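Trainee: Take the sequences, apply the hints, and build the full model.
In order, the protein sequence lines correspond to chains A and B. Just so you know, we're using our numbering here: the first sequence kicks off at 2 and counts up by one. Just so you know, we're using our numbering here: the second sequence kicks off at 28 and counts up by one.
Because the hints were derived from the structure by calculation, they are not lab data. Fair warning: this is a prediction, and the values are worked out from it, not measured in the lab. Any given hint could be a false lead.
[As the list claims (entries may be wrong)] Straight line, CA to CA, 16 Å or less: simulated EDC-like cross-link-like pairs of lysine to aspartate or glutamate:
1. B:LYS78 to B:GLU63
2. B:LYS86 to B:GLU76
3. A:LYS180 to B:GLU81
4. B:LYS109 to B:GLU81
5. B:LYS313 to B:ASP59
6. A:LYS180 to B:ASP59
7. A:LYS180 to B:GLU63
8. B:LYS86 to B:ASP103
9. B:LYS313 to B:GLU63
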Amino acid sequence: MPDDETAPDAAPASTLGSPERGVTTAAVNDGQAPTGPDREFTVESRSQSKMVLRRFLQHRAAVSSGVILLLVILLALLGGRFWKYTYSEFTPDFSAGPSLEHPMGTDGPGHDNFAQVLRGAQKSVQIALTVALVSTTTGTLIGAFAGYYRGLLDNILMRFTDLFLVIPPLIFFALLGNKFAGSGWLALALCLAAISWTSIARVVRGVFLSLREKEYVEAARALGANDRRIIFRHLLPNAIGPIIVNATITVAVAILVETSLSYLGLGVQSPDTSLGRLISDNQQAASTRPWLFYFPGLFIIIIALTVNFLGDGLRDAFDPTQRRVRA
Amino acid sequence: MFGFVVRRLLTSVLVLFLASILVYVSVAALGDPLAELRSNPRTPRSVIEAKRRELNLDKPIPVRYGIWLKDFVGGDMGRDLKGREIQPRLVRALGLTLRLAILSTILAVFLAMVVGVYSAVRQYSISDYAFTFTGFLFLSMPVFWLAALLKEFGALRINRLFGERIVYTVGDSSPNLTGSFWHRMGDYAGHLALPTLALALVSFAAWSRYQRATMLDVLNSDYVRLARAKGIKNSRVLIRHALRNALIPLTTVVAIDIGAVFAGAVITESVFGWSAMGRLFINGVKDNDTNTLLAFMMVTGVFVILFNLLADVLYGVLDPRIRV
Numbered sequence: 002m003p004d005d006e007t008a009p010d011a012a013p014a015s016t017l018g019s020p021e022r023g024v025t026t027a028a029v030n031d032g033q034a035p036t037g038p039d040r041e042f043t044v045e046s047r048s049q050s051k052m053v054l055r056r057f058l059q060h061r062a063a064v065s066s067g068v069i070l071l072l073v074i075l076l077a078l079l080g081g082r083f084w085k086y087t088y089s090e091f092t093p094d095f096s097a098g099p100s101l102e103h104p105m106g107t108d109g110p111g112h113d114n115f116a117q118v119l120r121g122a123q124k125s126v127q128i129a130l131t132v133a134l135v136s137t138t139t140g141t142l143i144g145a146f147a148g149y150y151r152g153l154l155d156n157i158l159m160r161f162t163d164l165f166l167v168i169p170p171l172i173f174f175a176l177l178g179n180k181f182a183g184s185g186w187l188a189l190a191l192c193l194a195a196i197s198w199t200s201i202a203r204v205v206r207g208v209f210l211s212l213r214e215k216e217y218v219e220a221a222r223a224l225g226a227n228d229r230r231i232i233f234r235h236l237l238p239n240a241i242g243p244i245i246v247n248a249t250i251t252v253a254v255a256i257l258v259e260t261s262l263s264y265l266g267l268g269v270q271s272p273d274t275s276l277g278r279l280i281s282d283n284q285q286a287a288s289t290r291p292w293l294f295y296f297p298g299l300f301i302i303i304i305a306l307t308v309n310f311l312g313d314g315l316r317d318a319f320d321p322t323q324r325r326v327r328a
Numbered sequence: 028m029f030g031f032v033v034r035r036l037l038t039s040v041l042v043l044f045l046a047s048i049l050v051y052v053s054v055a056a057l058g059d060p061l062a063e064l065r066s067n068p069r070t071p072r073s074v075i076e077a078k079r080r081e082l083n084l085d086k087p088i089p090v091r092y093g094i095w096l097k098d099f100v101g102g103d104m105g106r107d108l109k110g111r112e113i114q115p116r117l118v119r120a121l122g123l124t125l126r127l128a129i130l131s132t133i134l135a136v137f138l139a140m141v142v143g144v145y146s147a148v149r150q151y152s153i154s155d156y157a158f159t160f161t162g163f164l165f166l167s168m169p170v171f172w173l174a175a176l177l178k179e180f181g182a183l184r185i186n187r188l189f190g191e192r193i194v195y196t197v198g199d200s201s202p203n204l205t206g207s208f209w210h211r212m213g214d215y216a217g218h219l220a221l222p223t224l225a226l227a228l229v230s231f232a233a234w235s236r237y238q239r240a241t242m243l244d245v246l247n248s249d250y251v252r253l254a255r256a257k258g259i260k261n262s263r264v265l266i267r268h269a270l271r272n273a274l275i276p277l278t279t280v281v282a283i284d285i286g287a288v289f290a291g292a293v294i295t296e297s298v299f300g301w302s303a304m305g306r307l308f309i310n311g312v313k314d315n316d317t318n319t320l321l322a323f324m325m326v327t328g329v330f331v332i333l334f335n336l337l338a339d340v341l342y343g344v345l346d347p348r349i350r351v
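Mentor: Okay, here's the thing in C-alpha cells:
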C-alpha cells in the first residue's frame with residue numbers, strides 16, 4: 002500500500018496532496034501582523050484564518066450550503082416548538098396529501114407529517130452533531146498524542162484502527178445500537194462516536210507524524226517549550242484544516258449511519274423517532290401516499306448534501322496549494 | 028513479492044484472530060441469547076436451564092470462545108441458536124450477496140471511470156458541474172432510501188413501459204423457479220437489476236470524484252504536456268498516456284471500500300427482502316447469536332483482507348515505481 006497514513010482519508014474530491022503541504026506555509030509567522038510605528042507599508046497582512054475565510058467565501062456552493070445547513074439545523078432543533086401541530090396530535094385529516102394546512106400531508110391516523118418530520122430531523126440532527134463533536138474531540142486528542150509520542154500508544158492505536166478496517170463498522174454500530182438505543186438518542190450517539198473516532202484519529206496522527214519533524218517544532222523546543230505547549234500551541238493549529246474537514250464529513254456520515262440503523266430497526270426505538278424510522282415505517286405506504294416517504298428522505302439528503310458541499314469548500318479553503326482563488 | 032504476500036497474510040490472520048475475540052466478547056457480553064425465551068413468563072425454568080447448558084452459557088466467556096475457536100479451526104462454524112447448522116446457510120447466503128456485490132462493484136467502477144475521466148477532461152464545463160452535483164447527491168443519499176425509491180417507483184414504471192414484469196422487487200428469484208436455462212437467468216437478472224443499480228449508484232459517487240481528481244492530476248503532469256508537445260493526437264494522449272496512469276489509484280480505493288460495499292449490500296438486501304448475508308446478519312444481531320455473527324464477520328473479514336492484498340499486488344504490477 003502506498004503511504005496513505007498521511008493522506009486525508011479517501012474522501013471524495015480529495016486533492017491528492019498530503020495535508021502538511023497545505024498547512025505549513027502560513028504557520029511560521031503565526032498570523033502576527035507586524036504592527037506599530039516601524040511599519041513600512043500600508044498593506045495589511047493577512048492571517049491564516051483570514052486567508053481561509055476569504056478563500057471559503059469565494060466558494061459560492063459551499064457558502065450557500067453552509068447557510069442552508071444552518072437554517073435546516075435551526076428548523077430541526079427548534080421548529081417543532083413553533084409549528085401549529087405537535088407530533089402526537091391527531092388532526093381530522095387522514096392520509097391527506099400536501100396542502101397549505103399540512104405542507105407535508107398527514108399519515109393514516111391523522112398525524113401532521115411536517116410535525117413528524119421535524120421531530121425525526123431533530124433527533125437525527127442531535128445525534129449527528131453529538132457524534133461529530135465527541136468523535137472529533139476524542140479522535141483528535143488520541144491521534145495527536147499517538148502521532149507526537151509514537152511508541153506504545155501509537156502501536157495500540159494503529160492495531161485498533163486496523164481492526165476496523167477488517168470488520169465492517171456496521172457490525173459494531175448494529176451491536177451497540179441494538180443494545181443501547183433503547184435508552185435514548187444520547188446513548189445511541191455515544192455508541193456511534195465510540196466507533197467513529199478511529200478514522201479522525203488516523204488522520205490527525207498522520208498530520209502530526211509529519212509536522213513533528215518540522216524545523217519550527219525544533220525551534221520551539223530550543224526555546225524551552227514543553228510537550229504540551231508544542232502539541233496544543235504549535236502543532237494543533239496547523240492540523241486544524243484536516244480536523245475541521247473531517248468533523249464536517251463525520252456529520253454527514255453519522256446522519257447516514259443513524260438513519261440506516263434506524264431503518265433496519267437497530268437504531269432509534271419507538272416511541273422515539275428519527276428520519277430513518279419514519280422512512281422505514283412509511284415505506285409500505287410509499288406508492289399510495291408518497292409524501293410520507295419522500296419528505297423524510299428529502300431532509301436527510303438536504304442535510305447530508307449541504308454538509309458534503311461545506312466540507313468540500315472547507316477543504317479547498319484550508320489548502321493554500323489550490324490556486325483557483327487568490328487569497 | 029512472494030515474501031510480501033506471505034508476510035501480509037500472516038499479519039492478516041493475526042488481525043482476524045483479534046477481531047474475532049473483539050466481536051465474540053462484545054456479542055457475548057452485550058446481549059442475552061435467551062432473552063426471547065425468558066420474555067415468555069410461561070417458559071418453564073427447566074427449559075431455560077437446559078437451553079443454557081446446551082449453548083454452553085453456563086461457562087465463562089473465554090471458555091466459550093475457546094470452544095468456538097477450536098471448532099472454527101477444525102472447519103466447523105457451529106450451529107445457530109435454533110440448532111441449525113450455520114455453514115450450508117452461510118454458503119448459500121454468501122453466493123447471493125457476492126452476486127449482488129460483485130455485479131454492482133463492476134457497474135460502479137465502470138461508471139466511475141467513464142464519468143470521472145469525462146469530467147476531468149472537460150473540467151469546469153456544464154457537464155462537469157452536473158456530474159459533480161450528481162456525485163454529491165448520491166453520496167448524500169441513504170442507500171435504503173434510494174433502494175426503496177427504485178423499488179416503489181422505478182419498478183412500476185419500468186414494468187409498465189415494457190408491458191410485462193421485467194424487474195422484480197422482492198427476493199432473489201421467483202419461488203419454485205423452473206424452466207429453461209435462459210428463462211431462469213432472466214428471472215435472476217430481473218431480481219438483481221434494481222438492488223445492483225441502487226448499490227452501484229451509491230458507491231459510484233465517491234469513486235467518480237476520486238477518478239476525476241486522479242485524472243486531473245495526471246493531465247496536469249509534465250509527461251502529458253510533453254506528449255502533447257510531441258504532436259501526438261489528443262485521443263491518443265488521453266487514452267494511451269493519461270488514462271492508463273490515472274486508473275491505478277482507483278484500484279486501491281475500490282479495494283479499501285469493499286467493506287463498505289458489503290455493508291451497503293446488507294442494507295440493500297433488507298429493502299428488497301433477500302434472504303442472504305444481510306438477513307443472517309440482522310437476525311444475528313437481534314437474537315444476540317454469537318456463532319452466526321462470528322461466521323458473518325469472518326467471511327466478510329476474509330474478503331476485505333483478500334481484496335486489500337489483491338489491490339496491493341495489483342498496484343505493484345500496474346505501477347513499477349512501487350514494486351516491493
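Trainee: All hints, please: hold or fail.
Mentor: Hints, one by one, checked against the model:
1. B:LYS78 to B:GLU63: holds (12 Å)
2. B:LYS86 to B:GLU76: holds (13 Å)
3. A:LYS180 to B:GLU81: violated (24 Å)
4. B:LYS109 to B:GLU81: holds (11 Å)
5. B:LYS313 to B:ASP59: At roughly 10 Å apart (the allowed maximum being 16 Å), B:ASP59 and B:LYS313 satisfy the hint.
6. A:LYS180 to B:ASP59: The hint holds at about 10 Å.
7. A:LYS180 to B:GLU63: Holds - the C-alpha atoms of B:GLU63 and A:LYS180 are around 14 Å apart, at most 16 Å.
8. B:LYS86 to B:ASP103: violated (20 Å)
9. B:LYS313 to B:GLU63: Given pair B:LYS313, B:GLU63 holds - Cα atoms ~10 Å apart, limit 16 Å.
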